[in-house]
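Using the sequences and the hints, build the whole thing.
Okay, here's what each chain looks like letter by letter:
Number of protein chains: 2
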Amino acid sequence: MSVLGIDLGGTKAAIAMFSETGELIKKETAALDHRIGSAVAGLVCDMLKDFIGSESVDPVRAVGVSVPGISRSKSGTVWAPNIKGWEDYPLLKELQSVCGTVPVSIDSDRACYILGELWQGNAKGCKDAIYLSVGTGIGAGILINGSILRGSQDIAGCIGWMALDRPFKDKSISCGCFEYYASGEGIAKVARELLVSRSEYSGELRDKYPEKITAADVFKAYEQKDVVAVEVMKQCVEFWGMAVANLISLFNPEKIIFGGGVFGPGVQFISDIQQEANKWAQPISAKQVSMEESGTGGNAGVIGAAYLALQAINI
Amino acid sequence: MSVLGIDLGGTKAAIAMFSETGELIKKETAALDHRIGSAVAGLVCDMLKDFIGSESVDPVRAVGVSVPGISRSKSGTVWAPNIKGWEDYPLLKELQSVCGTVPVSIDSDRACYILGELWQGNAKGCKDAIYLSVGTGIGAGILINGSILRGSQDIAGCIGWMALDRPFKDKSISCGCFEYYASGEGIAKVARELLVSRSEYSGELRDKYPEKITAADVFKAYEQKDVVAVEVMKQCVEFWGMAVANLISLFNPEKIIFGGGVFGPGVQFISDIQQEANKWAQPISAKQVSMEESGTGGNAGVIGAAYLALQAINI
Numbered sequence: 199m200s201v202l203g204i205d206l207g208g209t210k211a212a213i214a215m216f217s218e219t220g221e222l223i224k225k226e227t228a229a230l231d232h233r234i235g236s237a238v239a240g241l242v243c244d245m246l247k248d249f250i251g252s253e254s255v256d257p258v259r260a261v262g263v264s265v266p267g268i269s270r271s272k273s274g275t276v277w278a279p280n281i282k283g284w285e286d287y288p289l290l291k292e293l294q295s296v297c298g299t300v301p302v303s304i305d306s307d308r309a310c311y312i313l314g315e316l317w318q319g320n321a322k323g324c325k326d327a328i329y330l331s332v333g334t335g336i337g338a339g340i341l342i343n344g345s346i347l348r349g350s351q352d353i354a355g356c357i358g359w360m361a362l363d364r365p366f367k368d369k370s371i372s373c374g375c376f377e378y379y380a381s382g383e384g385i386a387k388v389a390r391e392l393l394v395s396r397s398e399y400s401g402e403l404r405d406k407y408p409e410k411i412t413a414a415d416v417f418k419a420y421e422q423k424d425v426v427a428v429e430v431m432k433q434c435v436e437f438w439g440m441a442v443a444n445l446i447s448l449f450n451p452e453k454i455i456f457g458g459g460v461f462g463p464g465v466q467f468i469s470d471i472q473q474e475a476n477k478w479a480q481p482i483s484a485k486q487v488s489m490e491e492s493g494t495g496g497n498a499g500v501i502g503a504a505y506l507a508l509q510a511i512n513i
Numbered sequence: 199m200s201v202l203g204i205d206l207g208g209t210k211a212a213i214a215m216f217s218e219t220g221e222l223i224k225k226e227t228a229a230l231d232h233r234i235g236s237a238v239a240g241l242v243c244d245m246l247k248d249f250i251g252s253e254s255v256d257p258v259r260a261v262g263v264s265v266p267g268i269s270r271s272k273s274g275t276v277w278a279p280n281i282k283g284w285e286d287y288p289l290l291k292e293l294q295s296v297c298g299t300v301p302v303s304i305d306s307d308r309a310c311y312i313l314g315e316l317w318q319g320n321a322k323g324c325k326d327a328i329y330l331s332v333g334t335g336i337g338a339g340i341l342i343n344g345s346i347l348r349g350s351q352d353i354a355g356c357i358g359w360m361a362l363d364r365p366f367k368d369k370s371i372s373c374g375c376f377e378y379y380a381s382g383e384g385i386a387k388v389a390r391e392l393l394v395s396r397s398e399y400s401g402e403l404r405d406k407y408p409e410k411i412t413a414a415d416v417f418k419a420y421e422q423k424d425v426v427a428v429e430v431m432k433q434c435v436e437f438w439g440m441a442v443a444n445l446i447s448l449f450n451p452e453k454i455i456f457g458g459g460v461f462g463p464g465v466q467f468i469s470d471i472q473q474e475a476n477k478w479a480q481p482i483s484a485k486q487v488s489m490e491e492s493g494t495g496g497n498a499g500v501i502g503a504a505y506l507a508l509q510a511i512n513i
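Chains as they are written, first to last, in the numbering used here: chain W, 199 to 513; chain Y, 199 to 513.
It is possible that some hints are incorrect.
Note: identical chains are not told apart, hence a pair may lie in one copy or across any two.
[What the hints assert, rightly or not] Keeping only pairs whose Cα atoms sit at most 25 Å apart, straight-line, the calculated SDA-like set for lysine to any residue is:
#1 Lys369 with Ala510
#2 Lys406 with Arg396
#3 Lys410 with Glu391
#4 Lys272 with Asn343
#5 Lys282 with Ile482
#6 Lys369 with Val296
#7 Lys325 with Ser273
#8 Lys410 with Gly207
#9 Lys477 with Asp363
#10 Lys325 with Gly344
#11 Lys224 with Met245
#12 Lys224 with Gly298
#13 Lys485 with Ser350
#14 Lys272 with Ile234
#15 Lys291 with Ser236
#16 Lys387 with Lys410
#17 Lys485 with Asp368
#18 Lys291 with Ile234
#19 Lys210 with Met245
#20 Lys485 with Gln351
#21 Lys322 with Gly496
#22 Lys432 with Arg364
#23 Lys432 with Pro257
#24 Lys291 with Asp363
It is worth saying that the hints were derived from the structure and are not from the lab.
Below is the structure:
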């Protein structure tokens, strides 16, 4: 028996086949190549056909899909802001037409990330754990007593919108306060704002036009102890620490796992984040929680999607 | 059949008998009168004996208890910061010795509040709802897909510790940032701080020594449009709105219910709070949530404790 996990991003789709016990059998990736709307679903259907129809020793028993947005469990439609035409796209129906009697489950990427860690990463054996995903945007996959927190309309875990810096500023209106300051895009943005205001600056980032600076540039400059990069990361650690503290006080989790493109290089700050969180969080909960980097090697999405599939047939 | 609910506070204990269908049969309240440690448990046991042994037509089938702190489900012990000697008090064992074969369940007050609203208040029929309790302190009872969020060590919902105002200030070290500014005690404290800095002030609060000002005084002065009271409440609405926004973005609830002594007079601000929350929260979730005052007439604790009892025998 095997299960398939599909991880849909804004620019590419990955599909992987796993045995029931979690061994990776094969994996493929395809670029979306600026496809929009039904063309994206068409690509995924083609990838699925290849895998389901392949002469594998193990027939596929279930399919799980991770989408970068909201999966509406009641209607089977999805909203993915980075895929044009997917405001309320009937993805479940499309995929079912290819999969026949093989059950298909869809969930948000943040939900799949924590499921991936639960199955094969650093949340193994946990009942209450949270995956904080920091990439271009920020989201949280939240496991409560062994189940994913979905909320009344499948929109739980939108931690990028966390209010952390009063008063409200219009600049965070489109992405949320926490994401504005502490996502990958946020790190770059804060660095650009600082550079523009410092005409005397002659550090590591001097040769970049402010508009072209990326989070990766800031991390590189940080390694050289660049003053602007140090200031940006110090503020970022404060925001990460406050957000993590709020997760601790509200959820009392066993573990918080840091993943996404920024963690990555951000893992060097995990102990600083924990120190900042300890100032703010409910003190008994703060003592009990452990913080770790992701244990799925950047594959939390595809592994979690496959585990979603496995859960659907194991219930 | 009847069930008993006991609501333990820092200064008094209430006990009430309900029919299975939720009708109040009788209720009594007793002051703790500065009792500490086992004397508090002794008082509760005496109240229980009276009710269980009374010639009621309906025998008591289960007992539920709401404690102001943490109920440790694995050990049956409780921590209640306002009851001296209850750091790790074996309350379950004590009560079981009086109740015999009648099952006893204990949970935190914040958990019981949302259960009370679920059974007889404004959360009837909800699966995902939150009770924000603002009194001397602040806590949140959180219902997820019909179940109470307890966390890995029964300390979930400690929203008084929410980080909302950077940088961290030592003054909030003992109670948490949100509680420091926006609890009943916080409202009084912020008013006192403002008054001390305004020698020219001649408003409603002028005859009170700053140390004696209470939240009730601030609400009264607010009715008279007192400048200090207006400023205090404006800031308070900002904090309430941010905290509520964070609940919306993380939990995507159907409903948020405002209760505790401060709501109370604070209910006049619910639409202002919703407006502030709408600035910060995940916008799709924000549109779907409704906000209401408590529908249990100040009895959420005792009703919720009774429902806790009922749930224990209905499972």
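Comparing the hints with the structure gives:
no.: 1; hint: Lys369 with Ala510; in the structure: neither (41 Å within a copy, 49 Å between copies)
no.: 2; hint: Lys406 with Arg396; in the structure: within (14 Å within a copy, 49 Å between copies)
no.: 3; hint: Lys410 with Glu391; in the structure: within (12 Å within a copy, 46 Å between copies)
no.: 4; hint: Lys272 with Asn343; in the structure: both (23 Å within a copy, 14 Å between copies)
no.: 5; hint: Lys282 with Ile482; in the structure: between (45 Å within a copy, 18 Å between copies)
no.: 6; hint: Lys369 with Val296; in the structure: neither (43 Å within a copy, 60 Å between copies)
no.: 7; hint: Lys325 with Ser273; in the structure: between (28 Å within a copy, 19 Å between copies)
no.: 8; hint: Lys410 with Gly207; in the structure: within (23 Å within a copy, 58 Å between copies)
no.: 9; hint: Lys477 with Asp363; in the structure: both (16 Å within a copy, 13 Å between copies)
no.: 10; hint: Lys325 with Gly344; in the structure: both (4 Å within a copy, 18 Å between copies)
no.: 11; hint: Lys224 with Met245; in the structure: within (12 Å within a copy, 66 Å between copies)
no.: 12; hint: Lys224 with Gly298; in the structure: within (22 Å within a copy, 60 Å between copies)
no.: 13; hint: Lys485 with Ser350; in the structure: between (31 Å within a copy, 12 Å between copies)
no.: 14; hint: Lys272 with Ile234; in the structure: within (24 Å within a copy, 52 Å between copies)
no.: 15; hint: Lys291 with Ser236; in the structure: within (12 Å within a copy, 62 Å between copies)
no.: 16; hint: Lys387 with Lys410; in the structure: within (10 Å within a copy, 47 Å between copies)
no.: 17; hint: Lys485 with Asp368; in the structure: between (36 Å within a copy, 19 Å between copies)
no.: 18; hint: Lys291 with Ile234; in the structure: within (17 Å within a copy, 63 Å between copies)
no.: 19; hint: Lys210 with Met245; in the structure: within (12 Å within a copy, 65 Å between copies)
no.: 20; hint: Lys485 with Gln351; in the structure: between (33 Å within a copy, 11 Å between copies)
no.: 21; hint: Lys322 with Gly496; in the structure: within (16 Å within a copy, 43 Å between copies)
no.: 22; hint: Lys432 with Arg364; in the structure: both (18 Å within a copy, 13 Å between copies)
no.: 23; hint: Lys432 with Pro257; in the structure: neither (51 Å within a copy, 62 Å between copies)
no.: 24; hint: Lys291 with Asp363; in the structure: neither (42 Å within a copy, 46 Å between copies)
The structure does not agree with the numbered hints 1, 6, 23 and 24 stated previously, though it agrees with the rest.
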